[in-house]
Amino acid sequence: MTDFTMDKGADGVAVITWDVPNKSMNVLSFDALKTLDGLVEDALGDDAVKGIVITSGKPDFAAGMDLNVLAKLRDDAGANPAKGLFDGIMQMHGALRKIERAGMDDKNKGGKPIAAALPGSALGIGLEIPLACHRIFAADNPKAKIGLPEIMIGIFPGAGGTTRLARKLGAMAASPFLLEGKLSEPSKAKSAGLIDEVVADPVAAAKDWVLSASDKDIVKPWDEKGYKMPGGAPYHPAGFMTFVGASAMVNGKTKGVFPAAKALLSSVYEGALVPFDTALRIEARYFTSILMNPSSSAMIRSLFINKGALEKGANRPDAPDQTVRKVGILGAGMMGAGIALVSAQAGIEVVLVDQSREAAERGKAHSATYMDEGIKRKKATPEKKEQMLGRIEATDDYAALAACDLIVEAVFEDPSVKAEATRKVEAVIGPDCIFATNTSTLPITDLAEVSQRPEQYIGIHFFSPVEKMNLVEIIKGAKTGDRAVAKALDFVRQIRKTPIVVNDARFFYANRCIIPYINEGVRMVAEGVAPPLIENGAKLVGMPLGPLQLVDEISIDLGVKIAKATRAAMGDAYPDAAVDEVLFAMADQGRMGRKSGSGFYAYEESGKRKGLWEGLEAAYPVSEGQPEVSEVQHRLLMAQVLEAVRAFEEGVLTDIREGDVGAILGWGFAPWSGGPFSWLDIIGATRAVAICDVLEADHGTRFKAPQLLRDMAAKGESFYGRYGDGQSVKAA
Amino acid sequence: MTDAYIYDAVRSPRGRGRKDGSLHEVTAVSLSRQVLNAIKERSDLETRGVEDVIWGNATQVMEQGGCLARTAVLASDFDERVPGLSINRFCASGMEAVNLAANQVRAGAGEAYVAGGVEMMSRVAMGSDGAAIAVDPSVAMDSYFVPQGIAADIIATEYGFSREQCDAFAVESQNRAAAAWDAGRFDKSVITIRDTNGLPILDRDEYMRPDTDMQKLGALNASFQQMGEVMPGFDKVAMMKYPHLERINHVHHAGNSSGIVDGAAAVLVGSKAFGEAHGLKPRARIRATAKIGTDPTIMLTGPVPVTHKILEDHGMKISDIDLFEVNEAFSAVALRFMQAFDVDPGRVNVNGGAIAMGHPLGATGAIIIGTLLDELERSDKELGLATLCVASGMGAATIIERV
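Quick note, the sequences are listed as chains A and B, same order. 1 is the number of the first residue of the first sequence in the numbering used here; add one for each residue after it. 1001 is the number of the first residue of the second sequence in the numbering used here; add one for each residue after it.
Honestly, the hints are just simulated from the structure, not real lab data. One or more of the hints may lead you astray.
[What the hints assert, rightly or not] Cβ-to-Cβ under 10 Å is the rule here; a few derived chain A residues that face chain B: (1) 237; (2) 250; (3) 263.
[Unchecked claim] Mimicking SDA-like on lysine to any residue, the simulated pairs with C-alpha atoms at most 25 Å apart in a straight line are: (4) A/255 / B/1133; (5) A/255 / B/1374; (6) A/168 / B/1232; (7) A/253 / B/1158; (8) A/610 / B/1232; (9) A/608 / B/1245; (10) A/610 / B/1162; (11) B/1291 / B/1401; (12) A/145 / A/199; (13) A/539 / A/696; (14) B/1291 / B/1002; (15) A/424 / A/355; (16) A/98 / A/79; (17) A/253 / B/1132; (18) A/255 / B/1403; (19) A/610 / B/1214; (20) A/228 / B/1129; (21) B/1188 / B/1403; (22) A/253 / B/1189; (23) A/312 / A/493; (24) A/255 / A/228; (25) A/255 / B/1227; (26) B/1241 / A/617; (27) A/168 / B/1138; (28) B/1019 / A/379; (29) A/168 / B/1132; (30) A/608 / B/1232; (31) A/143 / A/379; (32) A/378 / A/119; (33) A/610 / B/1221; (34) A/23 / A/59; (35) B/1241 / A/631.
In this text, all values refer to a predicted model and were calculated from it rather than measured experimentally. The beta carbon of each residue, even a glycine, is placed where N, CA and C say it ideally should be.
Can you build the whole structure from these sequences, using the hints too?
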């Protein structure tokens, strides 16, 4: 059974149906493209065929390229990968251009009409194939998504989609679809010019059209004499301004760390200055350069392949299905309320308990407010809101927890408060119930000591705000059993978030890496590094927030609290006194971060960030000689990355895929890199060690290269080469 | 090596560079022709002895395209055996023409040149010749391209010039220009531009606003704030190159930036032997020339490094120079020059500059050399330095010495 099949009808229409066996969605492989090309060739050469309709045998047209193929494309491209990739892409262009020209002669006569009929979503190459056809019919299906999301995974539409859409709509109108990967439902896609018709039965409409279309109807504007780019080519006065602005916007937005956007823009610019076929060749050259860039394969690997694998339970212990039916949430504060919301949204019954009925109701009200917002933005309905709220029971009665199969305790971050809650809950819940404590810093093994059944006790670290942050860090205490891990993973799957599973150690994984990042930034302030250089340096390596803005968001008093606890635990070995000096001084002045309206930044009444606090420079004068921005960046990145390596080395992290996915989803670690381990692989262990050696000499032992990294440098190995299949250090 | 001398310098008055400007009806060819003819007539020049006409112009398309230099020679009363060379170093084109002429004379490649330039900004819009550095992502992004106004605001931010300082400098430029015109200090060099019948069209710089004061300038909105902060957001690009800046302080506006005008200028450059053969007396020696590349994002700081270079290359000190002409592309450009060299503002642009009188891109370099020479003569000083900032991060300078 092949991915494409053709049925030549008695009416003279050859219907080519895309239906990949054993998959719910069509994705394109290179072999399948060859099949399609062969069918098109056959139909064009068959006098009995008047026109062709390309459609899908599934509810959707296609989800795009097979990402598993794409991620390995470079490795599979032979001894000269650039040439292998370029030749492969040009073959793809050849196949699509054959559809577009459809047997026409050089006077645009004698071609056969080819239409695309889209029953549902058409994404990526699933839209690039239709764009090569002469007319696109989509089913009137408001759930369908149409667009070119390639840019979101670090590549760009490289099967002619970039060149065709820019020529069809003009650079300005095409930019939301190309540069932002904007997806539209069919009626909006039609008004934007992405597709041509929205109809009830796209195959029937497409058949009618191919049988009635004239020679002129099937000629693309760019294949006619005198074609002019809508909105103006780059050296047309209007086009000039568009292209000047486009480079600046892409530059400012991508901070120079996402090569795909720049390559896309270059394809559009250079392509606009030459004939269509030359433009496709230029697009192919840039697309090759992006596929050759390690950033694109690292992004695809972490953000799609490995993220998907973790969500599907790559690290789930072998235990029976642990689907959660009723969850008890203890503590209706911000975290508890958020967890209640996402649980109820997933269809799970929720008991939300707090010390008073009123407090519990306040927590439940968060879900109501959230749904009201959704109704306002037409993302939800009043019925859905009622259904959802109906699943949440707000109470002050612990007895209501008796029927729960999972408890998520989200009370105040204090061991004694948590201990009391644990005792009270365990007194009422059934013997099979799993108890999860939501904490960002407290060691699970210690918390588990009060539990009557520590093998059923587990840590679960949600990120704030729960409804927005997609990572959940699951922490195994020393005695946590497999069923508890499976339960937590099944719960995370139900609420459609991405899990990582780590072993218990101070700050687990995420905070272990975030804290040194913040500390390094604060330390630089104390040293007299210009604060904007710290913040911009971070953003220019792709961090979403500079360390000072981040600590303002998290709150400075929390930083102080963590520092004091860590100091108490570590004693003389505590390495961050220089950081505390600044943090404690800020806290002493009441500058607690955004929530207090003052921190490293100044804020307006409305909470809007005005700019760095002017008093900062008075307190920590900017020194005469400023470091290079690259030094600032190495410090900020290595502070995080070395913690990730140490966490892996120590067995806290047992899978580098979790380390990479968790870093990007948890705290926005430079997504272009694919994560800390992918970044180390991109620069290579040898260079990483060299950077560490310099930083250690200049700034102290916190930058000492871990032995694991040194070993890999010595052997010329990479993290993904050694551990890419999910093996831990110990297993290897 | 032979020395190169300036024998004469003329310029057109500067017309407002808009459709209602007095020179808008005049073609680039006609304006060029009139200054070329003026330099010929004033020295009773036997043009066959001129090796080349080197003509600066920053926007070489349409009527300014197709080697305007040669077209202008053919349109003028020059001998047709004189060729023409159009050159473009943006705002320093007119200076580069003079420097190129001087250096060829020094090297013995010809005895005399006419060098200068023209820019009809009302007729051929600035930027209408296209520019890959602005639109080609492969270079626009890698070089962190921002428009000049943003670059000028980066200078103000980086070197700490406030809006008030920039406005005060602009007011001073207007006052000095008005006083200079009133005192007839430009009479020696400015010619009247006429129509085909000999009727006068313009005889005086018309861009000036002598009634400018701090209050009037204070009412103007910063011109580059919107494009910097909002759409398309050039400040973000600027801060990629200057990450130690938290924000760009937008201080420049139409009143403290150079004026968009039409204008042309020509300088007669020759060897000593040329002067002797034609009975001409040299007015100044071209002592030194220099050009340099600088960071393209801040773009307009070139006058500082090019001045360091020209002084070092010729064993001179800043204190040797009596008078300076620093092209007033934007207030911050001139303020930065004075700050860097700690020079007395009383010796810089003593008769005003481009903020008051306008900046016809391809001509200005030649204009300010002429203005500097006139003032050295008037005030009986010896050494003068003229310098300009140049787009895409360049700078140019010329040192002249009275003889």
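Going through the hints against the structure:
no.: 1; hint: 237; result: holds, 7 Å
no.: 2; hint: 250; result: holds, 7 Å
no.: 3; hint: 263; result: holds, 8 Å
no.: 4; hint: A/255 / B/1133; result: holds, 18 Å
no.: 5; hint: A/255 / B/1374; result: violated, 50 Å
no.: 6; hint: A/168 / B/1232; result: holds, 23 Å
no.: 7; hint: A/253 / B/1158; result: holds, 23 Å
no.: 8; hint: A/610 / B/1232; result: holds, 21 Å
no.: 9; hint: A/608 / B/1245; result: holds, 20 Å
no.: 10; hint: A/610 / B/1162; result: holds, 20 Å
no.: 11; hint: B/1291 / B/1401; result: holds, 19 Å
no.: 12; hint: A/145 / A/199; result: holds, 15 Å
no.: 13; hint: A/539 / A/696; result: holds, 23 Å
no.: 14; hint: B/1291 / B/1002; result: holds, 21 Å
no.: 15; hint: A/424 / A/355; result: holds, 12 Å
no.: 16; hint: A/98 / A/79; result: violated, 29 Å
no.: 17; hint: A/253 / B/1132; result: holds, 21 Å
no.: 18; hint: A/255 / B/1403; result: violated, 55 Å
no.: 19; hint: A/610 / B/1214; result: violated, 28 Å
no.: 20; hint: A/228 / B/1129; result: holds, 19 Å
no.: 21; hint: B/1188 / B/1403; result: holds, 18 Å
no.: 22; hint: A/253 / B/1189; result: violated, 50 Å
no.: 23; hint: A/312 / A/493; result: holds, 8 Å
no.: 24; hint: A/255 / A/228; result: violated, 32 Å
no.: 25; hint: A/255 / B/1227; result: holds, 18 Å
no.: 26; hint: B/1241 / A/617; result: holds, 22 Å
no.: 27; hint: A/168 / B/1138; result: holds, 23 Å
no.: 28; hint: B/1019 / A/379; result: violated, 54 Å
no.: 29; hint: A/168 / B/1132; result: holds, 24 Å
no.: 30; hint: A/608 / B/1232; result: holds, 22 Å
no.: 31; hint: A/143 / A/379; result: holds, 12 Å
no.: 32; hint: A/378 / A/119; result: holds, 24 Å
no.: 33; hint: A/610 / B/1221; result: holds, 21 Å
no.: 34; hint: A/23 / A/59; result: holds, 12 Å
no.: 35; hint: B/1241 / A/631; result: holds, 15 Å
The structure fails to meet hints 5, 16, 18, 19, 22, 24 and 28 from the earlier list, while all remaining hints are met.
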